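Colleague: Sequence:
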Amino acid sequence: MQRWLIFATGAMGVLSASLLLPILRAQNAPSVWNSDSPNWTQAQDEAAKKQKSPAPRRDLTGTWDVGGGAGIGVFGAKSMPSDGKPEHELPFTASGREKFLANKPGWGTTEVAAAFVNDPVDRCDPAGLPRADLFELRATQMIQMPKKVLVLYEFQQVWRTIWTDGRELPKDPEPRWYGYSVGKWEDDYTFVVQSNGMDERTWLDNGGRPHSSDLRVEERFHRLDRDTMELTVTINDPQIYTKPWVALDQIPLHLRSDEFDVREMICSPTETEEYNKTVTNPVATPR
Numbered sequence: 000m001q002r003w004l005i006f007a008t009g010a011m012g013v014l015s016a017s018l019l020l021p022i023l024r025a026q027n028a029p030s031v032w033n034s035d036s037p038n039w040t041q042a043q044d045e046a047a048k049k050q051k052s053p054a055p056r057r058d059l060t061g062t063w064d065v066g067g068g069a070g071i072g073v074f075g076a077k078s079m080p081s082d083g084k085p086e087h088e089l090p091f092t093a094s095g096r097e098k099f100l101a102n103k104p105g106w107g108t109t110e111v112a113a114a115f116v117n118d119p120v121d122r123c124d125p126a127g128l129p130r131a132d133l134f135e136l137r138a139t140q141m142i143q144m145p146k147k148v149l150v151l152y153e154f155q156q157v158w159r160t161i162w163t164d165g166r167e168l169p170k171d172p173e174p175r176w177y178g179y180s181v182g183k184w185e186d187d188y189t190f191v192v193q194s195n196g197m198d199e200r201t202w203l204d205n206g207g208r209p210h211s212s213d214l215r216v217e218e219r220f221h222r223l224d225r226d227t228m229e230l231t232v233t234i235n236d237p238q239i240y241t242k243p244w245v246a247l248d249q250i251p252l253h254l255r256s257d258e259f260d261v262r263e264m265i266c267s268p269t270e271t272e273e274y275n276k277t278v279t280n281p282v283a284t285p286r
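Here the sequence shown is numbered in numbering that gives the first Met the number 0, starting from 0 and rising by one per residue.
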């Protein structure tokens, strides 16, 4: 069982209560209404019965939620999971495959035991882009301003800026965890974002897929109606992959009410240290 389930989902029934106490203390906050609530399915059914209202023009504002665990890509990008199926085999270049095999994820076709995982997120490094979309896509708040869109993610409590003032992406960007993003409206209901400059230390997804400094990410936010928006994410990195590939394909995001409470999900170094002390290190030490 990999450590990631502890930080990502807070559900590790196979471990003892005493082991999980520090983690559960952080995650079992007072009951709030969000996508992890037990009545989530009932709420979805009730929402589906309501008559769909048309989407407002050129507007992303609100709290959006995939819900029901659909945004959690445990085995890698939702549309291309690292599950060993031929149709999900990525078009690696020779150097790309070498870099992929150097990563040691806790899930997927190159999975290793928890003691040997070298996932940067396990050390509390930022997930970065596009992993923010491809692994723990939970409640996401979007705020439109005159010259930019702010995106606030539940996972790791981070934010990024998408510039909408007509500027170009930087030609020789200084690497950033979440890169640089510019966006524009393709039509009244489709907002297209281009990003570059992502730090090479980040992985694309939970399956350990790598990227280079040449990575370009395209996100398409297509609003179907007032309460539903679809997200498509395309990866283009000629150093690592011989052709672009779709990592998320029209995954639905649902608009939540203004009262929707976004829960806290923060990687805690002290909890990581406790996990290593009680689980990872004992497993790595021969008995």
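Just so you know, these hints were derived from the structure itself, not from any lab.
Just so we're clear, the structure is a prediction, and the values are computed from it rather than from any experiment.
Be careful, since some hints might not be right.
Straight-line alpha carbon distances no greater than 25 Å define the calculated PhoX-like cross-link-like pairs of lysine-lysine that follow [claimed, not checked]:
no.: 1; residue 1: Lys276; residue 2: Lys98
no.: 2; residue 1: Lys84; residue 2: Lys103
no.: 3; residue 1: Lys146; residue 2: Lys183
no.: 4; residue 1: Lys98; residue 2: Lys84
no.: 5; residue 1: Lys147; residue 2: Lys170
no.: 6; residue 1: Lys147; residue 2: Lys103
no.: 7; residue 1: Lys276; residue 2: Lys103
no.: 8; residue 1: Lys170; residue 2: Lys84
no.: 9; residue 1: Lys242; residue 2: Lys84
no.: 10; residue 1: Lys84; residue 2: Lys51
Colleague: Quick check: which numbered hints come out false for this structure?
Modeller: 1, 6, 8, 10
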